[in-house]
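**Student:** Residue numbers (numbering that gives the first Met the number 0), protein chains in the order written: chain A, 0 to 226; chain B, 0 to 84.
Source of the hints: derived by calculation from the structure; they are not laboratory data. Don't take every hint at face value.
What the hints assert, rightly or not - To give a feel for the contact side, a few chain B residues facing chain A, derived at Cβ under 7 Å: (1) 48; (2) 51; (3) 56; (4) 72.
Unchecked claim - Pairs of lysine to any residue residues, derived as SDA-like cross-links and limited to a Cα-Cα distance of at most 25 Å, are as follows: (5) 42(A) / 74(B); (6) 42(A) / 71(B); (7) 42(A) / 81(B); (8) 61(A) / 74(B); (9) 61(A) / 113(A); (10) 61(A) / 62(B); (11) 61(A) / 200(A); (12) 42(A) / 83(B); (13) 61(A) / 65(B); (14) 42(A) / 76(A); (15) 42(A) / 75(B); (16) 42(A) / 84(B); (17) 61(A) / 61(B); (18) 61(A) / 57(B); (19) 61(A) / 54(B); (20) 42(A) / 73(B); (21) 42(A) / 77(B); (22) 61(A) / 78(B); (23) 61(A) / 72(B); (24) 42(A) / 64(B); (25) 61(A) / 53(B); (26) 42(A) / 99(A); (27) 42(A) / 89(A).
To be verified - Reference listing, derived: stretches of chain B covered by chain A, where coverage requires no fewer than 3 residues with Cβ under 8 Å from a Cβ of chain A: (28) 9-23; (29) 74-81.
Glycine included, every Cβ here is placed at the ideal spot set by N, Cα and C.
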Amino acid sequence: MSIPAQLTHHLATALNVLLASLAVLGGRARLGADEAELVRRLKRGDEEAFMVLVEHHQATMKRLARTFVRSPELAEEVVQDTWLGALRGIEQFAGRSSLRTWLLTILVNRARSSGVREQRSVAIGDAGPAVDAGRFDAGGAWMSPPRHWVEESEERLLAESLAPRIWAAVEELPDRQREVLVLRDVDGLTSDEVCTVLDISEGNQRVLLHRGRSGLRSALEAELGGV
Amino acid sequence: MLLSRAELVCQEVVELISDYIEGTLPRSQRRRLETHLSGCEHCSEYLEQMRATIRLTGRLRTSDLTPAMRDELVELYRRWRAEAD
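Kindly generate the complete structure, drawing on both the sequences and the hints.
**Tutor:** In structure tokens:
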């Protein structure tokens, strides 16, 4: 009787050790050596470390805040509030996510709880097709195919100000699509990071990204392809 | 052998393009989509445009930390330190 019990105990201990090492490895994988050092400095109250964090993440935070609140002043307040929240919370930061994911999660919580968001959300399934149904024939083949504009867009982005027109099109997207699209395609977050930050499922993230990108392509086609 | 399923039509392809770019399509669906793309110049054009859209959006990234904002955040930090001590 006692042998199996002891064996069970050993197995449980080995399993715990294994799980702990995996957790450490996982944590390290997410938190690079530089970032771990930055966290240590932040916890020591190093002002320079705080400014490094600001340099790295302020622009992304502002863009994300602007997807929640239209007014630049209110967005600025949400960002400042996030920095204060981060300063208060850094002591408890355990490195289970990257600093960026952690900061952006704080920001989303602040933005949502501040209730400043205008209620213009569209349900995920209600966004319509990627391309207007009228451009396909009854069999689903292109009747009015996409006009060619890719090379022209590169030229115009360099030569004149296409960027403000793209931003305007991004601003026109429904809120939830805009949040996902900005985080993924402007700021380069992974889908996992976006799911964590916005607290949405992987499936919803994919649908919102698909809708957002499709909407933006249509806008670019209208701008450049003359449709 | 899997049963061969009906070929995708353009209108279905445009709904799958983003998942295709993301690499999240199941293998069988990815094959059907690639078969369609190899024979359809319009959908190939559409795929290029979606890739261009993502590329162009990626170039919107700017880091606009002005000296004034920087000063403001230094100030915020020092105030917080003063209160915390």
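**Student:** So, for every hint listed, does it hold in this structure?
**Tutor:** Evaluation of the provided hints:
no.	hint	result
1	48	holds (5 Å)
2	51	holds (5 Å)
3	56	holds (4 Å)
4	72	holds (5 Å)
5	42(A) / 74(B)	holds (18 Å)
6	42(A) / 71(B)	holds (21 Å)
7	42(A) / 81(B)	holds (15 Å)
8	61(A) / 74(B)	holds (18 Å)
9	61(A) / 113(A)	holds (16 Å)
10	61(A) / 62(B)	holds (10 Å)
11	61(A) / 200(A)	holds (24 Å)
12	42(A) / 83(B)	holds (12 Å)
13	61(A) / 65(B)	holds (13 Å)
14	42(A) / 76(A)	holds (24 Å)
15	42(A) / 75(B)	holds (16 Å)
16	42(A) / 84(B)	holds (14 Å)
17	61(A) / 61(B)	holds (11 Å)
18	61(A) / 57(B)	holds (16 Å)
19	61(A) / 54(B)	holds (21 Å)
20	42(A) / 73(B)	holds (16 Å)
21	42(A) / 77(B)	holds (15 Å)
22	61(A) / 78(B)	holds (21 Å)
23	61(A) / 72(B)	holds (13 Å)
24	42(A) / 64(B)	holds (24 Å)
25	61(A) / 53(B)	holds (20 Å)
26	42(A) / 99(A)	holds (16 Å)
27	42(A) / 89(A)	holds (6 Å)
28	9-23	holds (count 10)
29	74-81	holds (count 5)
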